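Here is what each chain is made of, one letter per residue.
There are 6 protein chains.
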Amino acid sequence: MIPVEEWLREDAPYGDITSELLIPPDLEGYGEIISRGKYVLCGIHHVAEVFAGCGVEFTPLFHDGDDVEEGDAVAGLRGNIRAMLLRERLALNILGHMTGIATATRRAVEIAERYGVRVAATRKTTPGLRALEKYAVSVGGGDTHRLTLSDHVLIKDNHIRAVGSLERALSCARNRSFVRKVEVEVETVEDALAAARMGADILMLDNFTPEMVRKTLDALKEEGLKERVIVEVSGGITMENLEEYASLRPDVISMGCLTHSVRVADFSLELR
Amino acid sequence: MIPVEEWLREDAPYGDITSELLIPPDLEGYGEIISRGKYVLCGIHHVAEVFAGCGVEFTPLFHDGDDVEEGDAVAGLRGNIRAMLLRERLALNILGHMTGIATATRRAVEIAERYGVRVAATRKTTPGLRALEKYAVSVGGGDTHRLTLSDHVLIKDNHIRAVGSLERALSCARNRSFVRKVEVEVETVEDALAAARMGADILMLDNFTPEMVRKTLDALKEEGLKERVIVEVSGGITMENLEEYASLRPDVISMGCLTHSVRVADFSLELR
Amino acid sequence: MIPVEEWLREDAPYGDITSELLIPPDLEGYGEIISRGKYVLCGIHHVAEVFAGCGVEFTPLFHDGDDVEEGDAVAGLRGNIRAMLLRERLALNILGHMTGIATATRRAVEIAERYGVRVAATRKTTPGLRALEKYAVSVGGGDTHRLTLSDHVLIKDNHIRAVGSLERALSCARNRSFVRKVEVEVETVEDALAAARMGADILMLDNFTPEMVRKTLDALKEEGLKERVIVEVSGGITMENLEEYASLRPDVISMGCLTHSVRVADFSLELR
Amino acid sequence: MIPVEEWLREDAPYGDITSELLIPPDLEGYGEIISRGKYVLCGIHHVAEVFAGCGVEFTPLFHDGDDVEEGDAVAGLRGNIRAMLLRERLALNILGHMTGIATATRRAVEIAERYGVRVAATRKTTPGLRALEKYAVSVGGGDTHRLTLSDHVLIKDNHIRAVGSLERALSCARNRSFVRKVEVEVETVEDALAAARMGADILMLDNFTPEMVRKTLDALKEEGLKERVIVEVSGGITMENLEEYASLRPDVISMGCLTHSVRVADFSLELR
Amino acid sequence: MIPVEEWLREDAPYGDITSELLIPPDLEGYGEIISRGKYVLCGIHHVAEVFAGCGVEFTPLFHDGDDVEEGDAVAGLRGNIRAMLLRERLALNILGHMTGIATATRRAVEIAERYGVRVAATRKTTPGLRALEKYAVSVGGGDTHRLTLSDHVLIKDNHIRAVGSLERALSCARNRSFVRKVEVEVETVEDALAAARMGADILMLDNFTPEMVRKTLDALKEEGLKERVIVEVSGGITMENLEEYASLRPDVISMGCLTHSVRVADFSLELR
Amino acid sequence: MIPVEEWLREDAPYGDITSELLIPPDLEGYGEIISRGKYVLCGIHHVAEVFAGCGVEFTPLFHDGDDVEEGDAVAGLRGNIRAMLLRERLALNILGHMTGIATATRRAVEIAERYGVRVAATRKTTPGLRALEKYAVSVGGGDTHRLTLSDHVLIKDNHIRAVGSLERALSCARNRSFVRKVEVEVETVEDALAAARMGADILMLDNFTPEMVRKTLDALKEEGLKERVIVEVSGGITMENLEEYASLRPDVISMGCLTHSVRVADFSLELR
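Residue numbers (our numbering), protein chains in the order written: chain A, 1 to 272; chain B, 1 to 272; chain C, 1 to 272; chain D, 1 to 272; chain E, 1 to 272; chain F, 1 to 272.
Pulled out of the complex, with its shape left as it was, chain A reads as follows (with noise of 0.2 Å):
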């Protein structure tokens, strides 16, 4: 499912040249791709696929969602040297990507749910990865939120701008297939509230300070609405800031950084 044919050709549009110089057509061996730190292994699966059908036989040897330590053999590989090399940069970064977002969000996970709170992803993601990047994620342990503007209803601050108030849009959402739920982000406590009262099911307090979530928390148990809304908090969330927000117990937590700055995990490709 992922397009490998056009990722060769971003990567050899006219071969490999230097193994073609150097490295006879039929030459065979046997290479390992090794991890070159401890994260949460993503991406093998699809690493696979980048191999398939090119005379190569590729064996992994963890799975996606495994802890891998550095030095750690994730895959062997064994049959022909050119097809090995001519696809190793691909396979190389689309693991140390994947795992890289795994990793993070398992790191974010970990922290967020002492508190039992929930870590999401956004649609902050690297344009046309989204499906690799929202199952990285979700390999982590995150929750993959909505993943495109068709499957979920989720009121910004510019749609209220352009219906003139949140009345007005709540009212309009009420005509939402009835298999969606609708979400309202807002700006305010206040907002939060009214939101609340007038049924929106998700509440996303979109970078609120740890105090404004706290008095939004306390005034929904206070009218009896905490039960029937879910919480998000979103907005400016970082690994630093992240064990603040979950002490205070929303519900989710939501942070782009797990897909827009992700830091690539190193693997290399060692022939035996």
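Quick caveat, the hints were computed from the structure, so don't treat them as lab data. Don't take each hint at face value.
The list treats identical chains as interchangeable, and a pair is accepted whether it falls inside one copy or across any two copies.
No more than 20 Å apart at the CA atoms, straight line, and that leaves these computed lysine to aspartate or glutamate pairs for DMTMM-like [to be verified]:
id	residue 1	residue 2
1	K226	E20
2	K226	D201
3	K181	E20
4	K181	D67
The model shown is predicted, which means the values in this text are computed figures rather than measured ones.
Dock chains B, C, D, E and F against the given chain A, drawing on the hints supplied.
Leaving out everything else, chains B, C, D, E and F in the frame of chain A:
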């Protein structure tokens, strides 16, 4: 030249259900893309492609390569609101990613050029985005290095292992096209000297300590090879250790992190 | 957003040989698309895409959702005759298919809304045309229901068989994304009640007789569950038996025939 | 040859979230596709393509063109349950659509062949599905007629209007490729005779009443033209009036409804 | 309708690095495409597509089918210089290839038409370019013959070998669509006569000597079959032996070399 | 890596109607691809891709680069006859085109290498086929030269005209990536010398007479520049004048005709 339709389909395979519920199909308005930080802008003309032919007039207010400050409006949008909101996230994801790369590259270049050293990117890019990422590197003042496996001969450790010796590898490389240079990745000072003596056009010193780089450069000068070979330092170079390597004055320093561990630049779309 | 080039290639991989024999390349003229029946028009803006950029000025005379009568000109075309005739059949095939769906949906909605019941479509669509068909359903006033397997949790008999029990299935579904509802397809009144008690958001009563629907609704009311669960009737609903089911006042009735057994609407292109 | 990946992406752009919640990734099982009516089966080999290479062994139990009864298992599936359920709806949508067409065509052919008359389809097909639909027509025993605008010269009223006269149109058509016949669509008995006299290979009697068809056939016989020209009746032919036209013994009757107003055939997938 | 983006990507996957180094992004200018020989021009409107929407105004100065002389400017280009140079080679490659075919076809047609014989192309075309090549043949005055395997019934030696006999093959072919002719490839005079007697619409005399062609034509006349069958001569016809075959006056002579061994026409782009 | 499905669709958008009429769907057999001339075989592994996964076992009997004689069977095919015949023409068109190029290249290389001169191809290739054509050149022993506009800096007359002077052009080119050489196309002996003095890595002597080539080489030697610059002769070189230029011993001679005016090699498929 960017796959706008494909990327929009990724974010809205069945349209933007929220805007379709809330916003009249013909509602028009004005909005701006606002920078939320101090960056080297990159991707503004790609974002223009995102809005082409959809009923939104897109006016860039800065050009790629310009410095922008927090709060700057980098583009104005006038026209159909639904069309704007449908493309908002895609546009911001592109702009944030490319600007992130250009900004980091500029920072690295500013450090290295004090020592007359060039900064280059690598093939450690995001699948599907290499052309955009290499372009962002050049906007930031970096060298794009090898673009693909098809356009430069670069002999790496796996090649040498497969053919048996550096000597044999370099001998095969003599049959390369007359328009190509030959680069050799080396892991020891001795190999660097050997490769230079055998006529390599470029040496890639892979994962060398500063001390090893210094030794290599000294030995090359001593043997009168320094002028005949380009010396590239690569592997594990970060913003933190860049200056230490640059001060040794190799010709080029290449940094995978410019493209594989991008820190997004923050932009938002505000309807006025 | 429709694949005009691909669909034209399907109908004219090597051009329109008749027009090329008979009609001078630069001949211009005027034509109209005429409705041959009484319909809820749908697809006129998609047809506009078919004629975009080919030297034909296309002017819709009605909008999607409008009622049109036999003999009404729904669009005017002025320009190159060859270009018009090359696209004629594709344009009419799209318009006829989408208008057929919108018209049938409107008819069903008119019956059901008398009882306050919503009509929904299903995933029984034509491969490659789902977005157009779901849009036509909404133009006809219907609910688009689940768009894809990715955007709604719907537990069906095959899932329950695979995991062993409804209870276990619903328990797994608790890990769904916080933005999703959970729907359960049930085949008996008892299962319906069980699923409602276990917290399903939506019940799909599959192939229930009217009597079974009535019993389910009564039992849900009795247990005070009616307000907490949405009841959807599905399976074997046709225009003929729709009113009988609607009069029982479930929340939603879904009808596969809206999209899987389309009766085309008849349009023709007349040169004047 | 069918776009399986594209059609799966239409139904599951981000995977099947229900199965991923409920069913273990490696769970295997056995299922069958069951016919829910009496049909001429069509598309079973296309459905085989849907399941190719996904870890499901697909065994057709009937062939295209076979009669199947309600309750017949038309195919067996053994293997990964997630893979089966991901493809279930696509497979059934294809099978239902093609079987619906083949079944209707067979019914029409059985009526017409009693009179020695051939039944043909038209270009009124579903965008993107013409190859499948024309194939289903042939499986049902029908003639596929013109496949595209590129493969047959068919002069219609709009052409004649554009060039000025039938005579001029037929004269231009003499320059056609030597491998092509020329067909003329006519709207009156007089035009039919004129076209036959001028050498048309095929006459398409468009929207003729039975009486007009009879007159045309009689006049052609009288003038000794009947053997030199093929007579096709077209426009407004339905299952209801087919026999009336067939009994007049034209050579061919073409019916758009075979492909433009398909009544789906009902199949289901049952896990055992 | 030509895949401009795909073909540009073939020639410039990462842009035109020379122009990007040398030419300011906004530099404008004027250039002309100059013919370097005497040709039948073909492809000028396809070249217009290459320059569409890139900031270059393209003005054809001749039309497809026109005679051009050495030194003639066939098109003018005004606008962005980088955009012009990026597309230069693609434009010239298309124009040279198509003009080469049209010019050769015209030459063959001029020879054959003196004898009232038609010249046709074959399916021996360049993969990916058949539509362009068949069009160029028609611009040169040739017959496009069968366009694809889907649009004409042509029984060849391999078919006859597979089914057992010419008779059986022709009998099967009676079930063809009523819009298709039947052509038979024969290798002996006897087979030609047999096929004609059995009702073939067209005979393809494959690799016949002129003497064999003459005998076949004489025998067909003698048996009164000449008027009922079209005689095509095929196989090994070159510009050199064309007249010898044409003088025997078969109906058609087909020449694979028109499209499989193209001699490019020479054009250049000159900036003024 | 070749677009087999797309190319098959070009030749059979609706299947092979002749084989479907004549040949039973399951008929199996054996056939061979026979060479009809003496060639340097090229493309046999690409042809293998054409037959992959279609029920035909394809066995190459020679490898790319082998000499084959008239009558040699270059490959054996065993399996489904319909599948074989559907792919026959595509397979032969590919094989004939690539073998034609490899054979012509080999002939040119044999002439030039007597003088120690290398033969190179150009970017004058067939749209969509460059990768195949450049590969065929290398199989014939030629140099592939610049593959695309993205991989080599080549300053041509239009660039110089646009920037004003050769000097300015070469000065801009200094900012190229450190992995690229710089080549300059020159039209006079003086310009050649100037470019060499200014540090061009490669000179392309464009449309030089043999006398001009000789003068350039002599002058370069005299100035001691000959060893520092590669001299390429280009423009108007044919098989006829190749030796005259080669005998002057430039480094490289490039010939557009290798790929832009291919003479097909003749192969046929014979069922046994």
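Cross-check of the supplied hints:
1. K226 with E20: neither (65 Å within a copy, 29 Å between copies)
2. K226 with D201: both (11 Å within a copy, 18 Å between copies)
3. K181 with E20: For K181 and E20, the Cα distance is within 20 Å only across copies (15 Å; inside one copy 56 Å).
4. K181 with D67: neither (35 Å within a copy, 32 Å between copies)
Of the hints listed earlier, those the structure fails to meet are numbers 1 and 4, in rising order.
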